[in-house]
Amino acid sequence: MSLSYIQSELQQRLRPAPRQANGAFRSSITFDRDFCGFDGHFPGNPIVPAVCLLSAAVLLAGDAAGCPLQLQEITNMKFNQYLVPGDTAHFACRLAEQPGGGYSAAVTITANENKTVGRLRLLLTK
1 MSLSYIQSEL
11 QQRLRPAPRQ
21 ANGAFRSSIT
31 FDRDFCGFDG
41 HFPGNPIVPA
51 VCLLSAAVLL
61 AGDAAGCPLQ
71 LQEITNMKFN
81 QYLVPGDTAH
91 FACRLAEQPG
101 GGYSAAVTIT
111 ANENKTVGRL
121 RLLLTK
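For the sequence shown, position 87 matches number 87 in this note's numbering, and the numbering has no gaps at all.
Calculated from the structure, these hints are not laboratory results. Possibly wrong hints are sitting among the right ones.
Below, in silico cross-link-like pairs of lysine to any residue (SDA-like), each with a Cα-Cα straight-line distance of 25 Å or less [stated by the list, open to error]:
#  : residue 1 : residue 2
1  : 115       : 35
2  : 115       : 97
3  : 126       : 50
4  : 126       : 102
5  : 126       : 41
6  : 126       : 28
7  : 126       : 13
8  : 126       : 6
9  : 126       : 88
10 : 126       : 82
11 : 126       : 46
12 : 78        : 2
13 : 126       : 45
14 : 78        : 26
15 : 78        : 15
16 : 115       : 20
17 : 126       : 2
18 : 78        : 40
19 : 115       : 19
20 : 78        : 13
21 : 78        : 97
22 : 126       : 74
23 : 115       : 45
Take these sequences, add in the hints, and give me the full structure.
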């Protein structure tokens, strides 16, 4: 299965919300048991792969920017807990334009009664 296929699946499942008063963009995604990212990760005890959460964060940043963005650099990424089938991940993204083009994004992912799943700091290009 290709990354572009997973990204397409993620894009279809993302539910964007209006921009918040503090400038944050929000979105959520429910990882149903049939989500393709669970294939082989791990049989009998599936968890959402980190690459799927990273890809969803990049897609949300692109929605916030109003154009598709590409990952240039992960400046920081830490996950505190994993997600299993049926969990809904909530993404909050703060996007800032960088001098010379591109964007920086600070993304927080929460789930299961607002517990922090992960935090990402990304550099993105058009």
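Here is how each hint holds up against the structure:
no.: 1; hint: 115 <-> 35; verdict: holds, 22 Å
no.: 2; hint: 115 <-> 97; verdict: violated, 28 Å
no.: 3; hint: 126 <-> 50; verdict: holds, 23 Å
no.: 4; hint: 126 <-> 102; verdict: holds, 6 Å
no.: 5; hint: 126 <-> 41; verdict: violated, 31 Å
no.: 6; hint: 126 <-> 28; verdict: holds, 23 Å
no.: 7; hint: 126 <-> 13; verdict: holds, 23 Å
no.: 8; hint: 126 <-> 6; verdict: holds, 20 Å
no.: 9; hint: 126 <-> 88; verdict: violated, 28 Å
no.: 10; hint: 126 <-> 82; verdict: violated, 30 Å
no.: 11; hint: 126 <-> 46; verdict: violated, 33 Å
no.: 12; hint: 78 <-> 2; verdict: holds, 24 Å
no.: 13; hint: 126 <-> 45; verdict: violated, 37 Å
no.: 14; hint: 78 <-> 26; verdict: holds, 19 Å
no.: 15; hint: 78 <-> 15; verdict: holds, 23 Å
no.: 16; hint: 115 <-> 20; verdict: holds, 20 Å
no.: 17; hint: 126 <-> 2; verdict: holds, 22 Å
no.: 18; hint: 78 <-> 40; verdict: holds, 23 Å
no.: 19; hint: 115 <-> 19; verdict: holds, 22 Å
no.: 20; hint: 78 <-> 13; verdict: holds, 23 Å
no.: 21; hint: 78 <-> 97; verdict: holds, 23 Å
no.: 22; hint: 126 <-> 74; verdict: holds, 16 Å
no.: 23; hint: 115 <-> 45; verdict: holds, 21 Å
In this structure, the earlier hints numbered 2, 5, 9, 10, 11 and 13 are contradicted, and the remaining ones agree with it.
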